Amino acid sequence: MTAALRFDPIRLPPECEKLRKEVRAFLADEIAAGTFDPHKPNREDTDAPEFSRRVGERGWLGMTWPKKYGGHERSFLERYVVTEEMRVANAPTRRFFVADRQSGPVLLKYAPEHIKMDILPRICRGEVCFAIGMSEPNSGSDLFAAKTKATKTDGGYLINGTKIWTSSAHIADYMIAIFRTSPPTKENRRHGLTQFLVKMKQPGIQVNPIGQITGQYEFNEVVFTDYFVPDDHVLGEIDGAWKQATSELAYERSGPERFLETYYVLTELVRAVGKNPDTRSAEGIGRLVAQLHTMRRMSVSVAGMLQAGKEPVVEASIVKDIGTVWEQQLPHRVRDLAAFVEENATNRETLENQLSFAIKTAPKLTIQGGTTEVLRGIIARGLGLR
Amino acid sequence: MAESENIVAETAEKIFADLADAQTINSDKNGSWKAPLWQALSDAGLPLAWVPEDCNGSGASLAEGFSVLSAAGRFAVAVPLAETMLAGWLLAQARIASPDGEMTVAPASPKDRIALNADGTLSGRARGVPFAKAAKHIAVLASGSNGFSIALVEAGACRIEAGLGLGGDNSDTVTLANVKPVAIKPAPKGFDQTSLMLMGGVARSLQIAGALESMLEISVRYSNERVAFEKKISKFQAVQHNLAKLAGESAAALAAATSAADAVANSTSFDDAFFLEAAAAKIRCSEAAEKGGAIAHQVHGAIGFTIEHILHRYSLRALAWRDDFGSESYWAVELGKLVADRGADELWPLVASR
Numbered sequence: 002m003t004a005a006l007r008f009d010p011i012r013l014p015p016e017c018e019k020l021r022k023e024v025r026a027f028l029a030d031e032i033a034a035g036t037f038d039p040h041k042p043n044r045e046d047t048d049a050p051e052f053s054r055r056v057g058e059r060g061w062l063g064m065t066w067p068k069k070y071g072g073h074e075r076s077f078l079e080r081y082v083v084t085e086e087m088r089v090a091n092a093p094t095r096r097f098f099v100a101d102r103q104s105g106p107v108l109l110k111y112a113p114e115h116i117k118m119d120i121l122p123r124i125c126r127g128e129v130c131f132a133i134g135m136s137e138p139n140s141g142s143d144l145f146a147a148k149t150k151a152t153k154t155d156g157g158y159l160i161n162g163t164k165i166w167t168s169s170a171h172i173a174d175y176m177i178a179i180f181r182t183s184p185p186t187k188e189n190r191r192h193g194l195t196q197f198l199v200k201m202k203q204p205g206i207q208v209n210p211i212g213q214i215t216g217q218y219e220f221n222e223v224v225f226t227d228y229f230v231p232d233d234h235v236l237g238e239i240d241g242a243w244k245q246a247t248s249e250l251a252y253e254r255s256g257p258e259r260f261l262e263t264y265y266v267l268t269e270l271v272r273a274v275g276k277n278p279d280t281r282s283a284e285g286i287g288r289l290v291a292q293l294h295t296m297r298r299m300s301v302s303v304a305g306m307l308q309a310g311k312e313p314v315v316e317a318s319i320v321k322d323i324g325t326v327w328e329q330q331l332p333h334r335v336r337d338l339a340a341f342v343e344e345n346a347t348n349r350e351t352l353e354n355q356l357s358f359a360i361k362t363a364p365k366l367t368i369q370g371g372t373t374e375v376l377r378g379i380i381a382r383g384l385g386l387r
Numbered sequence: 011m012a013e014s015e016n017i018v019a020e021t022a023e024k025i026f027a028d029l030a031d032a033q034t035i036n037s038d039k040n041g042s043w044k045a046p047l048w049q050a051l052s053d054a055g056l057p058l059a060w061v062p063e064d065c066n067g068s069g070a071s072l073a074e075g076f077s078v079l080s081a082a083g084r085f086a087v088a089v090p091l092a093e094t095m096l097a098g099w100l101l102a103q104a105r106i107a108s109p110d111g112e113m114t115v116a117p118a119s120p121k122d123r124i125a126l127n128a129d130g131t132l133s134g135r136a137r138g139v140p141f142a143k144a145a146k147h148i149a150v151l152a153s154g155s156n157g158f159s160i161a162l163v164e165a166g167a168c169r170i171e172a173g174l175g176l177g178g179d180n181s182d183t184v185t186l187a188n189v190k191p192v193a194i195k196p197a198p199k200g201f202d203q204t205s206l207m208l209m210g211g212v213a214r215s216l217q218i219a220g221a222l223e224s225m226l227e228i229s230v231r232y233s234n235e236r237v238a239f240e241k242k243i244s245k246f247q248a249v250q251h252n253l254a255k256l257a258g259e260s261a262a263a264l265a266a267a268t269s270a271a272d273a274v275a276n277s278t279s280f281d282d283a284f285f286l287e288a289a290a291a292k293i294r295c296s297e298a299a300e301k302g303g304a305i306a307h308q309v310h311g312a313i314g315f316t317i318e319h320i321l322h323r324y325s326l327r328a329l330a331w332r333d334d335f336g337s338e339s340y341w342a343v344e345l346g347k348l349v350a351d352r353g354a355d356e357l358w359p360l361v362a363s364r
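Just so you know, the protein sequences line up as chains A and B, in that order.
Start counting the first sequence at 2; every next residue gets the next number (the working numbering).
Start counting the second sequence at 11; every next residue gets the next number (the working numbering).
No lab work stands behind these hints, which were simulated from the structure alone.
Nothing here was measured: the structure is a model prediction, and the numbers come from that model.
Using N, Cα and C, we set each Cβ at its ideal position, and we do this for glycine too.
One should not assume that every hint holds.
[Unchecked claim] Computed beta-carbon distance windows for the label pairs: (1) B:Leu176 / A:Lys19: 22 to 28 Å; (2) A:Ala340 / B:Ala248: 33 to 39 Å; (3) A:Ile116 / B:Ala248: 44 to 50 Å.
Go ahead and model the full structure; you've got the sequences and the hints to work with.
Below, the structure is given as structure tokens:
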């Protein structure tokens with residue numbers, strides 16, 4: 002018998018709708034003040050530190066964390082709403098998003114108390130930026146092939162090696178990284194990796210930007226040369242990071258950011274088509290909206306399961322697989338339909354610019370955070386095939 | 011859904027498991043399974059689940075009835091259970107008591123019209139009406155000069171040309187020529203043909219999602235049994251990835267259909283958000299039927315293409331159900347028009363309204 006999939010029709014409770022209005026009003030003010038342009042997803046690498054602080058002031062960072070660490074003890078569903086609205090508005094979330102989604106929860110679980118007390122409140126205030134050091138040259142999605150070494154020394158570890166594809170490393174204050182503390186064993190090739198909290202902007206770390214085909218500089222190569230990490234910066238179990246890292250990945254799989262990355266082209270298409278679409282445009286838009294709605298229902302459903310303390314690993318992987326494939330195809334479908342838009346559509350230039358950028362962005366969407374192939378392997382395992 | 015959610019659904023599951031086993035049905039060439047199955051369903055009050063007790067029904071909630079339809083989809087049940095439930099529901103909208111026996115609803119396509127004539131008779135043609143040949147009565151939605159009416163009609167009073175749907179079930183053309191209804195009453199305020207089509211579409215979405223759940227299950231099981239090139243085919247990465255995609259399509263159909271059913275069960279009005287839920291479910295489930303069904307057949311290879319194998323019971327019905335109560339193309343156009351009419355800046359608020 003196959004493990005049955007569950008996608009209960011979770012509804013967002015009333016407090017979420019109230020919050021959604023607050024977030025929309027906040028973003029409208031920021032747009033009016035010129036912090037960012039919602040019609041320009043390809044903004045020039047701005048990481049908007051002031052914007053991060055203002056988001057923190059509103060209490061929208063560390064929303065689900067304990068109050069003692071600066072958190073707000075609100076629900077996953079409330080956090081979900083904030084993420085949705087930020088994504089749809091193309092808000093500059095780069096500086097805080099990784100810390101809020103992923104690094105903070107890891108620290109909450111595995112960091113010693115004094116580090117939690119130091120860093121978590123600063124994340125909640127929007128003051129710190131995190132990067133994730135998982136991939137290495139020739140490892141990528143094969144997490145357990147990582148080679149960068151952490152060698153035991155007095156009071157800590159010396160790190161030597163290279164991380165790569167590390168988003169935001171050039172602006173990050175910290176990185177949570179996995180390093181090799183011992184070789185893999187015959188029985189378990191996942192053994193031997195340990196998770197560390199790394200302070201960036203210290204001697205022994207060099208960050209080299211890597212250009213992307215979109216023209217942006219977002220990810221980096223990070224080279225460690227005899228970089229010292231103190232003992233109390235070890236997160237969790239020595240040699241046991243594989244369990245921690247895979248549960249960390251669950252946080253980054255099913256959120257609204259996994260199907261809304263190219264959403265803006267759909268809005269612009271609807272704008273260009275106008276009030277009275279021809280049959281072809283209407284059908285195309287209808288299908289895309291039906292698919293979007295379904296994705297979102299799946300994603301909200303998984304958020305509801307997380308809120309209920311469940312670990313919907315297969316369901317979350319399915320959401321990321323379908324969601325990223327969808328957001329990757331979206332600009333191409335919009336392009337098909339845009340071919341029939343009137344020449345004089347008022348937003349024609351915006352639509353073309355956005356499409357051009359979205360089409361360039363699309364290839365990465367099914368790679369970051371675990372490739373489609375890796376996700377399908379996880380789903381297959383959940384189905385009892387492996 | 012692994013475990014049944016209520017006693018009504020559990021009853022349905024048990025009856026299907028006992029009397030509608032796909033393998034038994036598939037090898038039974040003369041249809042002798044149909045009468046005992048229908049008898050058991052009727053004894054349990056399931057065909058009239060959505061009819062209030064004072065209208066001759068069993069008064070189950072909308073949610074309970076929807077979970078019966080999910081189960082019916084999982085068993086690819088080929089008796090007019092969904093149709094009779096929909097007919098009873100339609101009649102109950104006008105407080106018309108349901109008769110016993112098999113029923114169906116007309117029209118079953120958004121483009122067909124049945125008119126209420128000035129003399130109180132009904133005229134018109136409805137195509138693709140599921141199980142009309144097997145029905146004793148037809149619940150009809152008719153339009154007249156004073157808006158919509160709901161009528162109960164004897165099937166024998168209509169001309170019915172038998173047709174066969176993709177799944178091998180009847181999909182008939184029903185012609186009414188000045189037919190005198192058994193009962194007729196005005197539809198409630200705001201109830202129109204779109205209301206009926208959306209309800210029918212949600213029912214079909216749940217059935218499609220159920221069929222996909224079964225297709226996933228039997229495909230996974232088969233891949234763990236079938237050996238080729240000296241290993242189980244489930245060990246080939248290409249097969250694993252295909253099954254992962256089938257799981258995705260099944261999951262998408264399940265999420266869309268159960269969300270729409272929940273929306274119907276808890277809705278007081280047919281607003282835009284309700285329309286989005288119901289139309290999106292029919293669109294996405296129909297797409298999933300196509301993509302998911304293709305994968306299920308691919309995994310099974312030639313054996314799944316044979317009449318002896320049960321796969322077609324699910325795959326062809328899922329494909330057939332796409333056409334009833336508005337195809338995905340029809341609803342996509344309607345949904346696209348609604349989105350365009352609301353305007354670009356109202357798209358996200360619509361999607362995020364629930």
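Hint-by-hint comparison with the structure:
no., hint, result
1, B:Leu176 / A:Lys19: 22 to 28 Å, "48 Å, violated"
2, A:Ala340 / B:Ala248: 33 to 39 Å, "34 Å, holds"
3, A:Ile116 / B:Ala248: 44 to 50 Å, "45 Å, holds"
Hint compliance for this structure: hint 1 alone is broken.
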